[in-house]
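There are 2 protein chains.
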Amino acid sequence: MSTPIKPRTPPGVMELLPRDQIAFQRMLDTIRGTFEQFGFLPVETPVMELSEVLLTKSGGETERQVYFVQSTGALEKAEAGRPELALRFDLTVPLARYVAEHEHDLAFPFRRYQMQRVYRGERAQRGRFREFYQCDIDVIGKDTLSPRFDAEIPAVIAAVFERLAIGDFTIQFNHRKLLRGYFEGLGIDGDHQLAVLRELDKLDKRGEAAVRATLAGEGFGLGDSAIDALMAFSQVRSRGHADALAKLDALGAGTPLFEEGRAELRAVLAQLQALGVPESRYALNLSIARGLDYYTGIVYETTLDAHPQIGSICSGGRYDNLASHYTKSKLPGVGISIGLTRLFFQLQDAGLVSTADSSVDVLVALMDDALLPDALAVSQRLRAAGLNVETQLEPRKLAKQLQYADRAGIRFVAIRGEDEVARGVVAVKDLRRGEQFEVAEADLASALQVEREQLRALPAHVVQETTR
Amino acid sequence: MSTPIKPRTPPGVMELLPRDQIAFQRMLDTIRGTFEQFGFLPVETPVMELSEVLLTKSGGETERQVYFVQSTGALEKAEAGRPELALRFDLTVPLARYVAEHEHDLAFPFRRYQMQRVYRGERAQRGRFREFYQCDIDVIGKDTLSPRFDAEIPAVIAAVFERLAIGDFTIQFNHRKLLRGYFEGLGIDGDHQLAVLRELDKLDKRGEAAVRATLAGEGFGLGDSAIDALMAFSQVRSRGHADALAKLDALGAGTPLFEEGRAELRAVLAQLQALGVPESRYALNLSIARGLDYYTGIVYETTLDAHPQIGSICSGGRYDNLASHYTKSKLPGVGISIGLTRLFFQLQDAGLVSTADSSVDVLVALMDDALLPDALAVSQRLRAAGLNVETQLEPRKLAKQLQYADRAGIRFVAIRGEDEVARGVVAVKDLRRGEQFEVAEADLASALQVEREQLRALPAHVVQETTR
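If you read the protein sequences in the order shown, they are chains A and B.
All letters in the first sequence, in the order written, are residues 567 to 1034 by the numbering used here.
All letters in the second sequence, in the order written, are residues 567 to 1034 by the numbering used here.
Read the hints as simulated data drawn from the structure, not as lab findings.
Predicted model only: the values in this text are computed from it and were never measured.
Any given hint could be a false lead.
Chain copies aren't distinguished; within one or between two, either way the pair holds.
As the list claims (entries may be wrong) - Straight-line Cα separation of at most 27 Å, DSS-like style, residue types lysine-lysine; simulated pairs:
hint, residue 1, residue 2
1, Lys896, Lys572
2, Lys894, Lys966
3, Lys572, Lys894
4, Lys896, Lys708
5, Lys813, Lys768
6, Lys963, Lys643
7, Lys572, Lys708
8, Lys708, Lys894
9, Lys708, Lys963
10, Lys813, Lys771
Only chain A is shown next, with the shape it has when bound in the complex (with noise of 0.2 Å):
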């Protein structure tokens, strides 16, 4: 035998250890369920687009650090030139793709869900990703779409939200049209929008004195009075339905372009309400800068409010057109996005998430060769039940047995001896509660399925364990 190679994984992945693999699993369920339920449909692509569809605009490439794909032959033949195939770097460009691919097969306005991995060839760092799931959702129209549907995903996001159960959390919008008709009111033209933008968004990092002199100084040449108003715009933010709408009432009158994103804006608030979305999961946020040159009405960033350190936990927003490389059609949509191995890792690291309990509800425990078959008939009406059971297949002690459940977040013990057979019952040791409990065979299964359902109503116990 040769000397072992070193397992190891390349830098950059993550990769769980069984029950955190449950709890990511359980919030991708969550996260697809709570999809399904506003009624996206599901959309899986080739991790290996065509180089030449993927990669539509040149100069793109090196900045997200694109993954070729050469397969051996590929290689040996060591053709010049880009690889013909590339991982994809996002779900956006292969929704574009796929919409384009298929579009006399799909229905408009096309509500899609995606949940796959994407690559991007990052500097190896701590909580950056080479590989990593993105959840997306997707409407999108042909040749219009109503801006009512920029309403819906804050109602999908709050959901999904609330169900992951992560702490406090708030969906912020900013309006592009809004954010352009403002300054078009102050006499900043289109071509220097982005570049009085981008400065705005240094406020945090510059400080406002610093920020000020660059929007006064050469290249710019914006007056005091522009300036304040510039200030002031990006420092609203609203607490509450009613202060979102007094916070927009307090802009002034603006330019028709201002005054549609104010109209837009208003709708999205008034259907928030009508959907019964919490007015403490949305607010305005008018410094929102994410995306400016490829969103072109109202944008979302979510935060925790208990963790702004981990910055926009879902971001996204409403563009015009997805698909002008791939087809003629118009196609305008309005979208966002879960990074969830990005969201996963910083909840682990916040202690926001848990080590899971194990997906086995049930260990059927072994201590008598003989009962072989009585465990392994106990184990198979327990699934019929739907429970998800373990049988110890080798007679063991029982105190390993047990030790071995606890260890791995088994919740019930099933113990039969042949005292149990032949009085018909089943001794249950609950780990949980750590309670032993005598149940007829017969009533097994929904006993324990009446234990579960309880204890989902109960806080959950908390087992912390280190992932790598």
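Since chain A is already given, all that's left is putting chain B on it; use the hints.
The following block gives chain B in isolation, referenced to the frame of chain A:
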């Protein structure tokens, strides 16, 4: 605007329209749920592995048509030699790496399932995929693993295919020890056993006479009685539990290795009976040669009774040492794999899987702009009750909305005009049954849930559509 690039996927991948994706996702969910019912724990590994770790055997590379991965940066450097990263070509090598890497954090026997895509640079050909899902279960022991686990695997597989409801199936076994022991008994030594087996494997293709001639000829030189025995052995197929035991008995006495294999098979049969697996679902098939250079004990293949031409839809077996390349620990295991992408393709091809109904249960219609808040509130109440709901956000003619729901495979349309709102009711169109009924708004969610449950007992209304 430049000329659009033709949106298309690379050859050899499967991409589905939403309703086929729903059907596929339901299969994934059924498989996962069943794996979990038998106590298997989830593992996901990165799609990229270090080439050095993935490709431990030289020469296997070309055979397996590995895809290598390079970031833009690595390509520019144009380093000589094999790229650092490669895509996994199965889930077994990543499992070996995972178990070896996390050995001290795992409890053995370790039952794991993994359902992810794998990559092979196959020649482009109908029904051959370069990216495909594998759904694997394995049980890995430390130092030893009881043969009892050999019986649990087919019990899981039987449960999976019962629930997938794609027709009658048979899980067929052979056993490497039985086979090698039988060969030994005929005086065929270890070196020749594989060669003889390869000839026997050609029986279907070449016919009995040709194979007999080869075995009697140069290089083999077997006598008539040995050849007769081989032919008889490889034609053993059982029907039913008692017949399987009888066929094993009828093989007569053999070498110690043979008897070991026979005892293990008898134990597997006894356990399957104790587990309540229907006897029509399993059979001996002593011709199975699959992977006999890798497997060391029981081997499994699964076929659809009505579609033998599809070949094995789920195969696996017992192996002595999973991870000898990565650790000095001995890690014996037993496992099986479902190639789900290929299976789904073949089921579609054979008309055994249909386009699913939508994942959306209800479309909440909208005819009048003023009723939007009501439609949103109704939608949210239905969601709170666990239903998947799409809201019509812009008013359209009712006929159009019904037509849309019908095409999209959405069963219920909830209709509320001024009149219904005034009376506190909702009109519900059931597109599956072609009926309409009226229900109090407060009872809508429970009424729809009852209808949905009832329908699950009925044969599915099959909607046929073209996939691509």
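**Study point:** Homomeric proximity label, Lys896 with Lys572: Cα distance no greater than 27 Å
**Key:** Classified as between; 16 Å across copies, 52 Å inside a copy.
Check your understanding: Under a CA distance limit of 27 Å, which applies to Lys572 and Lys894: within one copy, between copies, both, or neither?
Key -> The answer is between: 11 Å across copies meets 27 Å, while 52 Å in one copy does not.
Practice item. Evaluate Lys572 and Lys708 at a C-alpha cut-off of 27 Å and name the case that applies: within, between, both or neither. Key: Between copies only: 19 Å across chains, 53 Å inside a chain, cut-off 27 Å.
Review point. From the Cα coordinates, with 27 Å as the cut-off, is the pair Lys896 and Lys708 best called within, between, both, or neither?
Key: within (6 Å within a copy, 59 Å between copies)
Point to revise | Copy assignment of Lys708 with Lys894, given that the CA separation must stay at most 27 Å | key: within (11 Å within a copy, 60 Å between copies)
Review point. Checking Lys894 and Lys966: alpha-carbon separation at most 27 Å within a copy, between copies, both or neither?
Key: Intra 67 Å, inter 26 Å, cutoff 27 Å: inter-copy only.
Practice item. Give the relationship of Lys813 and Lys771 under a CA distance limit of 27 Å: within one copy only, between copies only, both, or neither. Key: For Lys813 and Lys771, only the intra-copy Cα distance (25 Å) is at most 27 Å; the inter-copy one is 80 Å.
Practice item. Check Lys708 against Lys963 for me: Cα-Cα at most 27 Å, and say if that holds within a copy, between copies, both or neither. Key: between (66 Å within a copy, 18 Å between copies)
Point to revise | Within, between, both or neither: Lys963, Lys643 at alpha-carbon 27 Å | key: neither (61 Å within a copy, 60 Å between copies)
Point to revise | Within, between, both or neither, where Lys813 and Lys768 count as close if Cα-Cα is 27 Å or less | key: For Lys813 and Lys768, only the intra-copy Cα distance (23 Å) is at most 27 Å; the inter-copy one is 80 Å.
Of the numbered hints given earlier, the model fails hint 6 alone.
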